[in-house]
Amino acid sequence: SQTIHQWPATLVQPVGSPLSLECTVEGTSNPNLYWYRQAAGRGLQLLFYSVGIGQISSEVPQNLSASRPQDRQFILSSKKLLLSDSGFYLCAWSRTGIYEQYFGPGTRLTVT
Amino acid sequence: GQQLNQSPQSMFIQEGEDVSMNCTSSSIFNTWLWYKQDPGEGPVLLIALYKAGELTSNGRLTAQFGITRKDSFLNISASIPSDVGIYFCAGQARGSQGNLIFGKGTKLSVKP
Numbered sequence: 668s669q670t671i672h673q674w675p676a677t678l679v680q681p682v683g684s685p686l687s688l689e690c691t692v693e694g695t696s697n698p699n700l701y702w703y704r705q706a707a708g709r710g711l712q713l714l715f716y717s718v719g720i721g722q723i724s725s726e727v728p729q730n731l732s733a734s735r736p737q738d739r740q741f742i743l744s745s746k747k748l749l750l751s752d753s754g755f756y757l758c759a760w761s762r763t764g765i766y767e768q769y770f771g772p773g774t775r776l777t778v779t
Numbered sequence: 103g104q105q106l107n108q109s110p111q112s113m114f115i116q117e118g119e120d121v122s123m124n125c126t127s128s129s130i131f132n133t134w135l136w137y138k139q140d141p142g143e144g145p146v147l148l149i150a151l152y153k154a155g156e157l158t159s160n161g162r163l164t165a166q167f168g169i170t171r172k173d174s175f176l177n178i179s180a181s182i183p184s185d186v187g188i189y190f191c192a193g194q195a196r197g198s199q200g201n202l203i204f205g206k207g208t209k210l211s212v213k214p
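Same order as they appear, the protein sequences are chains A and B.
What the first sequence shows, in the working numbering, is residues 668 to 779, in sequence order.
What the second sequence shows, in the working numbering, is residues 103 to 214, in sequence order.
Quick caveat, the hints were computed from the structure, so don't treat them as lab data.
Any given hint could be a false lead.
Away from chain B, derived, C-beta distances all over 12 Å, residues of chain A [claimed, not checked]: (1) E689; (2) G694; (3) G721; (4) Q729; (5) R735; (6) P736; (7) D738; (8) S745; (9) K746; (10) K747; (11) L750; (12) S751; (13) S753; (14) T779.
Some chain B residues close to chain A (C-beta under 8 Å, calculated; not the full set) [said to hold, decoys possible]: (15) T133; (16) L135; (17) E143; (18) G144; (19) P145; (20) L147; (21) A150; (22) I188; (23) Q194; (24) N201; (25) L202; (26) F204; (27) K206; (28) G207.
Computed from a predicted model, the values in this text were never measured in an experiment.
Backbone N, C-alpha and C define an ideal beta-carbon position, used for all residues, glycine too.
Put together the whole structure using the sequences plus the hints.
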């Protein structure tokens, strides 16, 4: 069976510090991968998606970036965090050509 | 951009009651998905719908893909306390790149 992991589970970072969130998927190959941000427990905003290694599409211009160094690894990064980057970050995967997305447990980021 | 209107935004349930919520769009959708999110966790896929008019059940949950392909409904029968949480609809619009559009969620709480 497939599983998706995210870490860390929670993170408190000062404004201006860098960020690296990691997502890995097990039990499948060549998945589509997604990063979402959820503010205040409601509404999911798609940030990035990837259909393959090194292929990243950005949905929302911001100071975040994403990378996919390996088939089942997706990383969300920032060089300098803003207060507005606080939120709940969710990684998701889907099979190619299938629209059902499966979410990870999320990372709660608080920028202070 | 395309949007999904999900209603109601919130509702209170009493154990044993039936619950209904829906999502509507001005665009035609090829796929409708329903998710449930518990506090501090990632959304969990409940039901996926792929054909207009399709009615699919998952235990006490029943969802329907509207005939017009612009709406979907989720019903929960004989609610129990563990049904509380936020329910999201998501859809894949015809002619889109395939990424999902999410509703803003319906928050189910227990009646005081």
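Hint check:
The Cβ of E689 of chain A lies farther than 12 Å from every Cβ of chain B, with a closest approach of about 15 Å, so its non-interface assignment holds. Every C-beta of chain B lies more than 12 Å from that of G694 of chain A, the closest at about 16 Å, which supports listing it as non-interface. The beta carbon of G721 of chain A sits about 18 Å from the closest Cβ of chain B, which is more than 12 Å, so the claim that it is off the interface holds. Taking the minimum C-beta to C-beta distance to chain B, about 16 Å, the non-interface status of Q729 of chain A holds against the 12 Å cut.
With a least beta-carbon separation of about 16 Å from chain B, R735 of chain A lies farther than 12 Å from that chain, consistent with its non-interface assignment. With 12 Å as the threshold on Cβ separation, the claim that P736 of chain A sits away from chain B holds: the shortest Cβ distance comes to roughly 22 Å. Every CB of chain B lies more than 12 Å from the CB of D738 of chain A, the least distance being 19 Å, so the non-interface label holds. Every C-beta of chain B lies more than 12 Å from that of S745 of chain A, the closest at about 21 Å, which supports listing it as non-interface.
With a least CB separation of 26 Å from chain B, K746 of chain A remains clear of the 12 Å interface cut-off, as annotated. Look at K747 of chain A: its CB is around 27 Å from the nearest CB on chain B, clear of 12 Å, so calling it non-interface holds up. Residue placement check: L750 of chain A keeps its beta carbon more than 12 Å from all beta carbons of chain B (closest about 21 Å). With a cut of 12 Å on Cβ distances, S751 of chain A stays outside the contact zone with chain B, its closest approach being about 19 Å.
The non-interface label for S753 of chain A is consistent with chain B: the shortest C-beta to C-beta separation is roughly 15 Å, beyond 12 Å. With a cut of 12 Å on Cβ distances, T779 of chain A stays outside the contact zone with chain B, its closest approach being about 19 Å. The restraint placing T133 of chain B at the interface with chain A holds, with a minimum CB-CB distance near 5 Å, inside the 8 Å limit. With its C-beta approaching chain A no nearer than about 6 Å, L135 of chain B sits inside the 8 Å limit, and its interface hint holds.
A hinted interface residue such as E143 of chain B counts as satisfied when its beta carbon comes closer than 8 Å to some beta carbon of chain A; here the least separation is about 6 Å, so the hint holds. Checking G144 of chain B against chain A by beta carbon gives a least distance of about 3 Å; that is within 8 Å, so the hint holds. With a least beta-carbon distance of about 5 Å to chain A, the hint placing P145 of chain B at the interface is held under the 8 Å criterion. With its C-beta approaching chain A no nearer than about 6 Å, L147 of chain B sits inside the 8 Å limit, and its interface hint holds.
A distance limit of 8 Å between C-beta atoms decides the matter here; for A150 of chain B the minimum to chain A is near 5 Å, and the interface restraint holds. Look at I188 of chain B: its Cβ gets to within about 7 Å of chain A, closer than 8 Å, so that hint holds up. With its C-beta approaching chain A no nearer than about 5 Å, Q194 of chain B sits inside the 8 Å limit, and its interface hint holds. Annotation: N201 of chain B was flagged as interfacial toward chain A, and the flag holds, the nearest CB pair being 6 Å apart, inside 8 Å.
Look at L202 of chain B: its Cβ gets to within about 6 Å of chain A, closer than 8 Å, so that hint holds up. A hinted interface residue such as F204 of chain B counts as satisfied when its beta carbon comes closer than 8 Å to some beta carbon of chain A; here the least separation is about 5 Å, so the hint holds. The closest approach between the C-beta of K206 of chain B and any C-beta of chain A is roughly 5 Å, which is under the 8 Å cut-off, so the hint is satisfied. Contact between G207 of chain B and chain A, as hinted, is supported at the beta carbon level, the nearest pair being about 5 Å apart and thus within 8 Å.
The structure agrees with every numbered hint stated previously.
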